[in-house]
Structure formats: C-alpha cells, structure tokens
Amino acid sequence: MHSLLDVILTTDFAFSVLRVMTPILFAALGALISNRAGIINIGLEGIMLVSALTGVVVSAYTHSAWVGLLAAAMGGTLIAGILAFFTLQFKTHIILGGIAINLFASGGTVFILYLLSGDKGSSTSLPSKVLPSIDIPLIKDIPVLGPILSGHHVLTYAAILAVFVVYYLLNKTPLGLRIRSVGENPHAAQSVGVSVMKTQYIALLLSGFFAGLGGAYMSMGYLSMFSRDMTAGRGWIALAAEAMGRGTTLGTSLTSLLFGAADALSNALQVLKIPAELIGTVPYIATLVGLVVYAINETRRKNNKKLKSKSQPSAK
Amino acid sequence: MQHELLEMRNITKVYPNGVLANRNVNFALREGEIHAVVGENGAGKSTLMKMMFGMEEPSEGEIIVRGETVKLHSPQDAIDRGIGMVHQHFMLVPSFTVAENMVLGMEPKKGLGIHYDEAARMTLELSRKYNLTVDPHAKVEHLSVGMKQKVEILKALIRGAKILILDEPTAVLTPQETEELFRELKGLRAEGHTIVFISHKLKEVKEICDRITIMRSGRTEGVFDTNSVTEKEISRLMVGRDVVLKYEKDMKPYGEPILQVKNVSSGDEQGKQVLSRVQFSVRAGEIVGIAGVEGNGQAQLVEVLTGSLPASSGMVLISGKDIAANNIREIRKMGVSYIPEDRMRQGAAKEASISDNLISTRYRSKEWNKRGFMDGRKIRKLVDDLISDYKVKCSGPAQEIGMLSGGNMQKVVVARECSTNPKLLIAEQPTRGVDIGAAQFIHQKLIEMRQEGCAIVLVSADLNEIMELSDTLLVMYGGEVVAYIDRPSEVSEEELGLYMLGLQKQSEEEVRRASHL
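In order, the protein sequences belong to chains A and B. Residue 72 in UniProt numbering is what sits at position 72 of the first sequence, and the numbering runs on without skipping anything. Residue 173 in UniProt numbering is what sits at position 173 of the second sequence, and the numbering runs on without skipping anything.
The hints are simulated quantities; they were obtained by calculation from the structure and are not laboratory data. Hints may contain errors.
Here are the simulated EDC-like pairs of lysine to aspartate or glutamate, each with C-alpha atoms no more than 20 Å apart in a straight line [to be verified]:
| # | chain 1 | residue 1 | chain 2 | residue 2 |
| --- | --- | --- | --- | --- |
| 1 | B | Lys391 | B | Asp375 |
| 2 | B | Lys201 | B | Glu191 |
| 3 | A | Lys172 | B | Asp322 |
| 4 | B | Lys378 | B | Asp356 |
| 5 | B | Lys423 | B | Glu510 |
| 6 | B | Lys393 | B | Asp375 |
| 7 | B | Lys262 | B | Glu468 |
| 8 | A | Lys172 | B | Glu107 |
| 9 | B | Lys201 | B | Glu509 |
| 10 | B | Lys350 | B | Asp268 |
| 11 | A | Lys302 | B | Asp268 |
| 12 | A | Lys198 | B | Glu107 |
| 13 | B | Lys262 | B | Glu510 |
| 14 | B | Lys129 | B | Asp167 |
| 15 | A | Lys198 | B | Asp77 |
| 16 | A | Lys172 | B | Glu118 |
| 17 | A | Lys140 | A | Asp12 |
| 18 | B | Lys272 | B | Glu168 |
| 19 | A | Lys302 | B | Glu141 |
| 20 | B | Lys252 | B | Glu468 |
| 21 | B | Lys186 | B | Glu221 |
| 22 | B | Lys148 | A | Glu184 |
| 23 | B | Lys272 | B | Asp117 |
| 24 | B | Lys201 | B | Glu33 |
| 25 | B | Lys423 | B | Asp435 |
| 26 | B | Lys393 | B | Glu351 |
| 27 | B | Lys139 | A | Asp12 |
Simulated coverage check for chain B against chain A, where a stretch passes if three residues somewhere in it have a Cβ under 8 Å from a Cβ of chain A [as the list claims (entries may be wrong)]:
| # | region |
| --- | --- |
| 28 | 73-80 |
| 29 | 104-112 |
If we take Cβ atoms under 10 Å as the criterion, some of the chain A residues that face chain B in the derived model are [said to hold, decoys possible]:
| # | residue |
| --- | --- |
| 30 | Leu169 |
| 31 | Lys172 |
| 32 | Leu177 |
| 33 | Arg180 |
| 34 | Ser181 |
| 35 | Glu184 |
| 36 | Asn185 |
| 37 | His187 |
| 38 | Val192 |
| 39 | Gly193 |
| 40 | Ala286 |
Computed from a prediction, not measured in an experiment: that's the story for all the values here. Ideal placement from N, C-alpha and C gives every residue a C-beta, glycine not left out.
Between the sequences and the hints, there should be enough to build the whole structure, so can you do that?
Right, dumping it as structure tokens:
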C-alpha cells in the first residue's frame, strides 16, 4: 500500500491524468453534443480510429503535423457524416449504423495501414509527425502546479478549451438551444419550424469532429504512431462518461477526468509487482463501477420523483 | 356582409387508410370573432383544424385566407399567414425557461450567442400587452397546466398569429383556470384577434363564443349565432343516430352481482380529479352500458377495472373479491376479459401472427403446454376453430395480424377475449372503426355472451350500439356518473344528449340505483 501512495501522490501522476484524459474528454464532448440532440453516437470508437490513422498518414505524406491534424478532424467529421446520412436520411437504426462504422473502422484501418506500410500492426515505418507540447510561461514556474499544468501536448490544452466552447455552444447559442430542444421534445421543435433532421445532422457532424480530435491525439501525441485498435475502447468509455455526467458539460468533463485518472492509474501501477493483465483492466472496471453507481442514483432519483408527485395529489 | 378572414370550401379529407374524416365541409371565419367548432369525438373537428394549420392537406376543396387561395403544406406555411395553434398536448420543451421556449427557432442574437435579456424582454412585453402573466425565467416543467397554456398562446402570438386555433383548451384546466382563460381570450378578441375554439362543452361555448359551427360524422350540421340557438338545439344537432340497429334479446332474470364498483375516485398526474365517487354493479347476464362524450372518465374507469390504474379511493370487487392487491394477470385469472379500445396498440401485437395473438392471454396455462413446450397441435386446433367460428377473413393462422382489415383484426381480439368463458367482459369501444358487417357480428357475440350469463361492461361513444345492447345504462360526465337509466331503449337520444353534455343531471339517489342494492 505504501508504494501505491508513492506512485499516486506525485506531480508526474497528476500530469499523466491530464495526458490520458485528453482523448476520452474529446470523445465525451462529442457524445454529449449528439446525445443532447437525441442521437446516441455509438460510432465514436470507430471515428477515433479512422482519425488516428488519417492523422498519421496525412502528416507523413505532407510532412506537416498541422495538416495531419486538420485531416484527422475532417476525417472524423466525414465518418460521422456517413453515419448521419444512413441513420437520418435512410432511417437505419443508429445502433446498427454505429456498429457498422466501428467494424468498418477496425478492419479498414488495418487494411489501409497494410497497403501503405506493409505492416499490419503499427505505422512505425511511416515518417509521421507529432504535434508539439507547450510550456506555459509563468505557470510553469509555480511549484507543484507548474509541473502538473505546464508542458502538455497542444491537444490537451485544446481539449480543456473545448469544454468551454461546448458549454457555450450548448447553453448560449441558438444552435445549442435547437439541439437541446430537438433532443428533448422534437415535436415542440418542429412546431416552431426548427428542422429536426438538419439539427441532428449538425450535432452528429460536430460529434465526429471532436471524436476526430481525440483520435488525432492518440496517434500524434499520446503515441507517435498508429497501431491497430489503438483507441482500446475509449470511444465507449466516453459514452459512459457522458451518461454519468448526466448530459451536462461540467459533469461529462469531470467524469472524463475520473476515467482518465483510472487509466493513468493502470499505467502507473505497472511499476509495481502486480500482473500487467490485471492492471490493464482498471479503466474498464472503473467505468463499470461508475455506471453502476450512476444507475443506482438515477433509479433512486426517479423513485423519489414518483413518490413526490404521488404525495401531493389534487393540490388545486 | 362581414369580411371573411378565412374560408374553407368543400373540404373533403380521406386518410391513406381509407378513413373519411371530412365530407364537403364548409367553414368560414370572420375577423375578430370567437368561433366555436363543436362535435363529438370523431366528428372531424381535429382533422379540419389540422388542415387549417397545415399539418394535413385536404384531399379536395380549397382554403382561402384573406381572399387568397392558399396551399398549406406545413405548419410553417400557416404560421407565415398569421395562423397559430395551441395544441391539446403542449408543444413545449420542459427543461427550458419560458423565454427559451418563446424564442426557439427565432432567437434574438448578441454576437454568436442568444440575447437572453432581449428574449426575456420580448416575452414580458407581449405578456403585459395581452395580460397573460408569465415569468420569463421560470422553467416550464415547474409550471401548472394553466401557465403552460399561456406560454403556448404567447408562443403563437410572438410568431405573429392573428388567427388562434385552440384545441379543447379547457379539457385540462381547473374551473378557475378556465375562467382566467376566458378573460384572456376576450382580451385577445378586443385586440382584434380571431379565435377558433374547439370544444364539446356547451356551457363554455355559450359563454364566450360569437358563432358556432356544429359538426357530426365528418359533416357540418350548420353555423349559428350563439344567441340564436339554445344548448338543447346544439346538443340535438351534435348527438344523434344515423342508422337504427335492432337486435333480439331474450329477457331473463339477472344472476349474482359479478362486478361491484364502490365509491371509486381517481386523480391524474396533475392532481385533477378524473373519477369521482363512481358506484355501480353488473350482474351475471347483464350488459351495463357506459355512455358519455370521450374524456369524461370512461377511459380511467376501464383502467381501474382492468387493474392498470390503482384507484385513489374506493373499491372494485369481482365476485365479491377486492382486486386492489392483484396484478393484471391475476385479475384476468379471476375470469375477467378485456377488449381494449385501441386494437393497434393495446388489443393486438401488430407484427405477430394471428395465432400468437389468439393465444397471448392463455399460453402460460398448463392446458396449452406439454413438457415445457407449447402444445402446437392443440393450439393449432384452437386457432383454426376460432378463425372459422368468428369468420376472420385471412390467409391462415400464421398471417401477420397487422395485415388484416380493422374489422377482422377486431374479430381476432374479440375471439381471444370471448373464448375463455369469462365471468366479466369489459368491452371498450368494441366496434370503433370497424365495418358494419363486423360490428354486427361483434354485437351478436356480446348478446350471446350475455345469454350465457356473462356480465358485460360496454363502454361506447356510439349511441346506436349502447342504446341497443345495454340492459341498463350509465352516463358519465366530468368523471361522475350523472345518470342511471334502467330502460335504455325507452330513453330518447335528446335526453341522453343532455346528460352527456352536462346540461342535465340526475339526483344522487337516482344515480345510486346503479348499485342494484
């Protein structure tokens, strides 16, 4: 136990929490936007994977990490667009559409990878670029906080910034109002001339954009290459984070941070003498426990609500 | 001649499923009036209004707004022409504030964001102008029904509505809220707005409307100045039989009381009383009809009787046993059968086969199972017998029930419910939307069941059916039993109409005879 605390109570560990939280947070924000519009984007995992590969490939061929990032984000948006096209236009069930996207991404990325690099496992032979990390002046000199907050990957800062952007978008803009109205009562939205389909299209595209950034981070920051199925369930964990965060921006972000901590913990524990296989399960167990806690709370809340409405009949 | 603001000429509407909802309907609206559209459920009021608001398009006929023939393809088209609608089921987003609901789709902007102060100001300004007091910052989910309705009216006004359609606005309101609404509507009229008021509550119509259009069976029965007609005349035009059915029934003494309903009351989610001290009994071999305009508590009464809604007070006894502690399956086991009003959603599983639908109430019992599996051969025989006994026109037992016509689908439901030898049968609108042949077949079946000693509760808005089949008749109005009639065949439609529309009420003593004590 002594050594566990030694591992956790370090600035290195706190730093790594933010580092591993980044892709989950991006994807969770994507999940948040589409969920608020009433569609569960279960294709997040696949979208991230496609974007991760796109970033590597494009940056390798253009010799520019930034062009790679742009391409990754566009790639994510495009895949989300395909999903939107089939589910909104042709009324495919979103779950089936999402599964198709995920399977396609898992196999398709390996196929493309093999075509381009001759390797089915990773992209080490491709000269892909990595996005830079940034030292923040002033903050970096503060003791304790400095080493935690400064020196992160540019996309980690972008993810934190994105929290504010998404909050503003959903709560302060006309588009956000429409997205939320469509998710909550599509008939109401329709009756005042808000196009439900158009709004859901936009929400899904945005969702893909953010998941795309998360994918880019995986291959151009977290690691400096693409490897098969490298997202390892982060798209799913993001959906769980959104659910546990009760569909609010703040809640979703905090839950992402929590899941990031679990992920970081599993990395940190590898220095201890615990079987690696066991440690690898930590983030997933954390997700599972989180969802159970969430479900219990939610049920209790609903029951309370029911009781409340029953205890005050014919008040008028 | 006064200026006609909106006119609907020779409107006919046939729905894709073949239902003829409107036949050559004419409707004209004058500027600045409150115009009532009255009629029973199914008379075609809602269809007419949906066409006026662009939610449906007429199959024939034309709509003329301010002298110009228009085609309304969507609500947006109607809104653009100054027509607004307050739906019976509110079109509001519960988690939004009043102001957010008001400006949704037409948000005032400041930079990239919504100008919330402006939205609140617009709401407040309009709310002051029309004396519809609302708090722009309150969340809609916390508002009372009356408040929500105000928000809906304001929502239409902020979009520039000069013509307001209100679909049964008082159905969900308390008497105090209704009074307030009427004051507001008069205020709107004074401001030059024109209001279409859909209702079947004649007192209200007399109170605030200038003119009345009466509809029955998809046709207009006439347009009147409110002052020139009495409530009785309106009721006569609204309620009436088109064809008179006749059935032979043997008279024989009734048996023991099977169903006893004692002082049952119930409230809805908003705390509004929907059933108030209902009391009656049904004896073996008796058909008790429950008449009334829809929405007067009949649906809730059926829910209480079948166990899907617990009564807030009172008792329901079946063969002397209180059903309060029993779930639906246990109640069915006590010998209760139920033909639900809505065969599409409740009565049948649309995508399942006829066979599966027929055994859905009995597949659990030992009789139909063999060594843990369903006894296919026995079931097959039952299903074949029922299909031929009830003359269900189909390609075979495996056919999807949803493919059948309404009449044949209903026959399957009736076959399932009547073939289990029930002691008590609750038939809710058993022949609604069914062709005459099937309706007569179902009526014969109900009479047959009665001869065999089954106690039957027949809930129906169809006067023909209820007057011919019932041995005794209850009329419900506003959640109460307002009349008990022991010889339904001798009562006139006019008299029944007066009870149904709440214009007349029997004394407590007369109504209590329904308990057959």
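inquiry  = So if I understand the rule, the pair passes when the alpha-carbon distance is 20 Å or less; does B/Lys148 with A/Glu184 pass?
reply    = Since the Cα atoms of B/Lys148 and A/Glu184 sit roughly 16 Å apart, the hinted pair holds (cutoff 20 Å).
key: Holds or violated: B/Lys423 to B/Glu510, with C-alpha atoms at most 20 Å apart   = Judged against 20 Å, a Cα distance of about 27 Å means the pair is violated.
query = When the nearest CB of chain B is found for A/Gly193, is that gap smaller than 10 Å?
reply = Cβ of A/Gly193 sits 5 Å from chain B, so the hint holds.
query = Are three or more residues of the region 73-80 of chain B within 8 Å, CB to CB, of chain A?
reply = holds (count 3)
inquiry  = Check the hint pairing B/Lys201 with B/Glu33 against an upper bound of 20 Å on the C-alpha distance.
reply    = Holds, at about 18 Å.
request  = Take the C-alpha atoms of B/Lys139 and A/Asp12, compute the straight-line distance between them, and say whether it is at most 20 Å.
outcome  = violated (45 Å)
message = Holds or violated: B/Lys201 and B/Glu191, Cα atoms, limit 20 Å.
response = Cα-Cα ~25 Å, so violated.
inquiry  = Check the hint pairing B/Lys393 with B/Glu351 against an upper bound of 20 Å on the C-alpha distance.
reply    = Measuring from Cα to Cα gives roughly 17 Å; hence the hint holds.
ask   = Close enough to count: is the Cβ of A/Ala286 nearer than 10 Å to one in chain B?
value = With Cβ-Cβ at 29 Å, over 10 Å, it is violated.
task = Would you mind confirming whether the straight-line C-alpha gap from A/Lys172 to B/Glu118 stays at or under 20 Å?
result = Holds, at about 13 Å.
ask   = For the pair supplied as a hint, B/Lys252 and B/Glu468, is the alpha-carbon distance within the 20 Å limit?
value = holds (17 Å)
query = For the pair supplied as a hint, B/Lys186 and B/Glu221, is the alpha-carbon distance within the 20 Å limit?
reply = At roughly 26 Å apart (the allowed maximum being 20 Å), B/Glu221 and B/Lys186 break the hint.
In this structure, the hints that do not hold are numbers 1, 2, 3, 5, 6, 7, 9, 10, 14, 21, 23, 25, 27, 40, in rising order.
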